[in-house]
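Chains as they are written, first to last, in this note's numbering: chain G, 188 to 453; chain X, 524 to 828.
Quick caveat, the hints were computed from the structure, so don't treat them as lab data.
Any given hint could turn out to be false.
So, partial list: chain G residues that the calculated Cβ filter (under 7 Å) puts toward chain X [to be verified]: (1) A267; (2) A269; (3) R276; (4) F280; (5) I281; (6) P282; (7) V284; (8) I289; (9) T292; (10) H302; (11) S391; (12) C428; (13) S431; (14) L433.
From the three backbone atoms N, C-alpha and C, an ideal C-beta is built for every residue, glycine too.
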Amino acid sequence: MAAIAEDVLVEARPGGQSRWAALALVAPALLVLAHFAKALDLYGNDLAFTVEIVALSTLLIALIAIAIAGYLTLGEHPRAVALLRWLYRWPLFIPFVVAGQIMRTFLAKNGMLNHVLIGTGLIEPISAQSMLDWRGIVIAFVWKQAPFVTLLLAGAMASLERQHIEAARNLGAPRLRVLVDIVLPQVRGTLLVGLVLSFVTMLSVLSVPLMINPNSPTMITVDVAYRINTFADYAVANALCLLSLLLAAFGAAFYLRHAVRRVEAP
Amino acid sequence: MSAAGPSQGANSAPAEGSAAAKPQAWGDHASAAAPSLAARMLPNAVRALVLALLAFAIFGPLLNLVLWAFAEKWYFPNKLPLEYGFTFWQRVFSPRGNALGSLGTSIWIAVLTVALSLVVAVPAGYALGRLKLPWRGLILLAFLLPQAVPNLPVYVNIAQVFYRIGLAGTITGVVLVHASHGLVLAVWIASAAFASVDLSLEEAARNMGASAWTCFRTVTLPLAAPGLMASAIFVFLESVDEFTGTYFVGVPDVTTLPLLMFNASMGGNYQIASITALLLLVPSIGFMLVVERFLKADVLAMVGR
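Chain G extracted, bound-state conformation (with noise of 0.2 Å):
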């Protein structure tokens, strides 16, 4: 398809080719999809590595999320789930743009990572390697969003009935069990739409990215203002544009499905 249009495009911008002329009406519809088959062209690697990593940081994310506020509901040790309460909520409202710029001397090869990992002895001085690269975004992605996620799990599961999680315990469920086979089935529209949210989230993110991991292969946000501010060309960009949103919709239908049925059922 791509071949197809490019051709005719080139065939078609000399003009004067009678032949040609009536493709006049249906270039404009093979201009979009030359210029989507461009945006595929150049950046279909950054679309399967966006992809990656949103999945991935999502993935991170709620299996965080399930662990914290699982401890916060379930754990029996007053003082560790008061600290834990203290402790994971502190990026919670850190900026991305701020979370960038902390990761990106953080994880850097001269890094405080680095370093605090030397001097224990976990690795050696060699093989210290700058983590700038995907694992640096994913890093700064679940750093700042799962205290997000967590926020509102902790808060659905603070508002359950506490007598199903009394009677599983006194009848010697181990904790794990309650949570996920009597807590977590509670909360999953909350988690999901903590979820949904985080996903569509983080596909628009640019100063992540932009400060951790800019050369190629990096996320579409990345691409989308190169296009912009190197070429102004919003063709190409609005067509990455289009992908991501393509993406996004992916999330919102679950997002979507689990608002309408709430909507319907008060």
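Given the coordinates of chain G, work out where chain X should sit on it, guided by the hints.
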């Protein structure tokens, strides 16, 4: 690195939890009530280790930022800055440093955004959270939809339109962009706040002869106030922290604090970037510390419903 951490804690703790720490009414626990000292120490050690790792994962990056903010000289392979001082702070806050100007711009934009958002969100939130509206579901969906759409494509095209009508690079343009995002958040939280107000209190006021307006003014609004305050703070923070929209719409004349920080960082000036980042952290962390005073679990549970 913290992925495995907390879940380990959740796994390992039950061994200790029900049997050792808590006296139970159930008979069969009595026989298991006195485990050896080592068996009791191990879960404690694991729990402490997990919490310590989590603390490092959260505070390590923040500490690194603070070090950079006060570092006069710091280069590879030194683990810590060679000299500490305030030279860069003086540069940031000097009249030529742009930081104070950017801070002022950021706060002014945020205040305008909050005002614009609340003017719409309070009536809309009340209507959506309380009244039996026709097509309530549809309206709510329309307000929720922007949350499920990445905002970068929106900003890119708004920027193009604004450029054509002369709003690009103006405070008004940036406020409109920030409000387009803040409004969603504000309506969302405001409707949750109004929905969580106990209906029977309103009915009691109405039964005692209060008019609808008096009832709203003296009962509903004060009870929903913490939630509305939360939504105002959320919108304020979102606006102060907003980067992408300002990046596209604000250029070249509107420089907010996040843009100043970004430019310093991309220019390789980590000290200036870190100091600006610390300035941005103050409201964020301040709100984090008090968020539950405004956003109670019952309101949180209503968010997204």
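Could you tell me which of the hints above the structure violates, numbers in ascending order? 2, 14
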